[in-house]
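> Sequence:
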Amino acid sequence: MEIKCFNPIADNQATVLILGTMPGLASLKAGQYYGHPDNLFWDIIFRVCIPDWRNDELVSADYETKIKLLRTNRIAVWDVLQFCDRKGSLDKDIINQIHNDFIQFFQKYSQIKTVFFNGKKASEYFEKNKSETAISDNRVFITLPSTSPSNTTNSFYVLKEWLQIRNYLNN
Numbered sequence: 095m096e097i098k099c100f101n102p103i104a105d106n107q108a109t110v111l112i113l114g115t116m117p118g119l120a121s122l123k124a125g126q127y128y129g130h131p132d133n134l135f136w137d138i139i140f141r142v143c144i145p146d147w148r149n150d151e152l153v154s155a156d157y158e159t160k161i162k163l164l165r166t167n168r169i170a171v172w173d174v175l176q177f178c179d180r181k182g183s184l185d186k187d188i189i190n191q192i193h194n195d196f197i198q199f200f201q202k203y204s205q206i207k208t209v210f211f212n213g214k215k216a217s218e219y220f221e222k223n224k225s226e227t228a229i230s231d232n233r234v235f236i237t238l239p240s241t242s243p244s245n246t247t248n249s250f251y252v253l254k255e256w257l258q259i260r261n262y263l264n265n
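Read left to right, the sequence shown gives residues 95 to 265 (my numbering).
These are calculated hints, taken from the structure and not from any lab test.
Treat each hint with caution, since some may be false.
[Stated by the list, open to error] Taking lysine-lysine pairs in the DSSO-like style, the calculated list, with each CA pair at most 30 Å apart, reads: (1) Lys98 x Lys224; (2) Lys162 x Lys202; (3) Lys224 x Lys202; (4) Lys123 x Lys222; (5) Lys254 x Lys214; (6) Lys160 x Lys123; (7) Lys98 x Lys160; (8) Lys123 x Lys162; (9) Lys202 x Lys98; (10) Lys123 x Lys214; (11) Lys222 x Lys98; (12) Lys207 x Lys186; (13) Lys162 x Lys98; (14) Lys222 x Lys254; (15) Lys202 x Lys222; (16) Lys186 x Lys123; (17) Lys224 x Lys186; (18) Lys207 x Lys224; (19) Lys207 x Lys181.
[Unchecked claim] Computed beta-carbon distance windows for the label pairs: (20) Thr159 x Leu263: 16 to 22 Å; (21) Pro131 x Ser204: 22 to 28 Å; (22) Glu96 x Asn232: 32 to 38 Å; (23) Gly125 x Lys181: 19 to 25 Å; (24) Gln198 x Glu96: 35 to 41 Å.
Even for Gly, the Cβ is constructed at its ideal location relative to N, Cα and C.
Construct all of the structure, not just a fragment, from the sequences and the given hints.
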């Protein structure tokens, strides 16, 4: 099945970019980034952006509130792939991928200086196409553990790694 990524959540204030690979089926159905109810992304992002967020409280905010939190904290979100064929939601099943145009993206959003990858596969797909993206040497690239429900890594470890985003906000 051919899948197309969402438009980026980005504006001229963003200084941090979080890149996934391609939305899963639940996200595509919801029309929202990280729309699977078991994906840790939004629970982690709220804890990254709101340090006193209660650890026992799950995020129940509507999508517009989530987007506002990203924008307020100058975080952009997009995917490495523009199109692909995939059965199901797993990155390992991606074939016939076409990368997003990062030359154009980084020309438009040149103020973005730090790029975080949501999982190793996003980083790997980006690296495969890096020679075509004219990536600036002044950007920092960091791979974080995936927030996907298919990632069996300890959730506290995933959160600990993602909290390093705080060091790059509002710089």
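> Indicate, hint by hint, whether the structure satisfies it.
Now for the hints, and whether the structure bears them out:
1. Between the alpha carbons of lysine 98 and lysine 224 the distance comes to roughly 20 Å, so the proposed pair stays at or under 30 Å and holds.
2. A hinted pair counts as satisfied when its Cα atoms are at most 30 Å apart, and lysine 162 with lysine 202 qualifies at roughly 20 Å.
3. Between the alpha carbons of lysine 224 and lysine 202 the distance comes to roughly 17 Å, so the proposed pair stays at or under 30 Å and holds.
4. Using a Cα cut-off of 30 Å, the hinted pair lysine 123 and lysine 222 holds, with the two alpha carbons roughly 28 Å apart.
5. Between lysine 254 and lysine 214, the direct Cα distance comes to roughly 16 Å. Compliance with the 30 Å bound is thereby established for this hinted pair.
6. Our distance criterion of 30 Å between C-alpha atoms is met by lysine 160 and lysine 123, whose separation comes to about 18 Å.
7. The straight-line distance between the Cα atoms of lysine 98 and lysine 160 is roughly 22 Å, inside the 30 Å bound, and the hint therefore holds.
8. Simply put, lysine 123 and lysine 162 have alpha-carbon atoms about 21 Å apart, close enough for the 30 Å limit, and the pair holds.
9. This hinted pair checks out: lysine 202 and lysine 98 have alpha carbons roughly 21 Å apart, not beyond 30 Å.
10. Only pairs whose Cα atoms come within 30 Å are accepted, and lysine 123 paired with lysine 214 is accepted, the gap being roughly 24 Å.
11. The straight-line distance between the Cα atoms of lysine 222 and lysine 98 is roughly 19 Å, inside the 30 Å bound, and the hint therefore holds.
12. In summary, the hint linking lysine 207 to lysine 186 is supported, as the alpha carbons are separated by about 29 Å, within the 30 Å threshold.
13. At roughly 24 Å between alpha-carbon atoms, lysine 162 and lysine 98 fall within 30 Å of each other, so this suggested pair holds.
14. With a C-alpha separation of about 28 Å, the suggested pair lysine 222 and lysine 254 falls inside the 30 Å cut-off, and the hint holds.
15. For a cut-off of 30 Å, the pair hint linking lysine 202 to lysine 222 stands: about 22 Å separates their Cα positions.
16. The straight-line distance between the Cα atoms of lysine 186 and lysine 123 is roughly 20 Å, inside the 30 Å bound, and the hint therefore holds.
17. Of the pairs offered as hints, the one joining lysine 224 and lysine 186 holds, with about 20 Å between alpha carbons and a cut-off of 30 Å not exceeded.
18. For the hint pairing lysine 207 with lysine 224, the CA-to-CA distance comes to about 16 Å; that is within 30 Å, so the pair holds.
19. In summary, the hint linking lysine 207 to lysine 181 is not supported, as the alpha carbons are separated by about 34 Å, beyond the 30 Å threshold.
20. Taking the beta carbon of each, threonine 159 and leucine 263 are about 18 Å apart, inside 16 to 22 Å as hinted.
21. Between proline 131 and serine 204, the C-beta spacing of about 36 Å breaks the proposed range 22 to 28 Å.
22. Between glutamate 96 and asparagine 232 the C-beta distance comes to about 35 Å, which sits within the given range of 32 to 38 Å.
23. Separated by about 20 Å at the C-beta atoms, glycine 125 and lysine 181 satisfy the suggested range of 19 to 25 Å.
24. Between glutamine 198 and glutamate 96 the CB atoms are about 22 Å apart, so this pair departs from the stated range of 35 to 41 Å.
Violated hints, in rising order: 19, 21, 24; the structure is consistent with all others.
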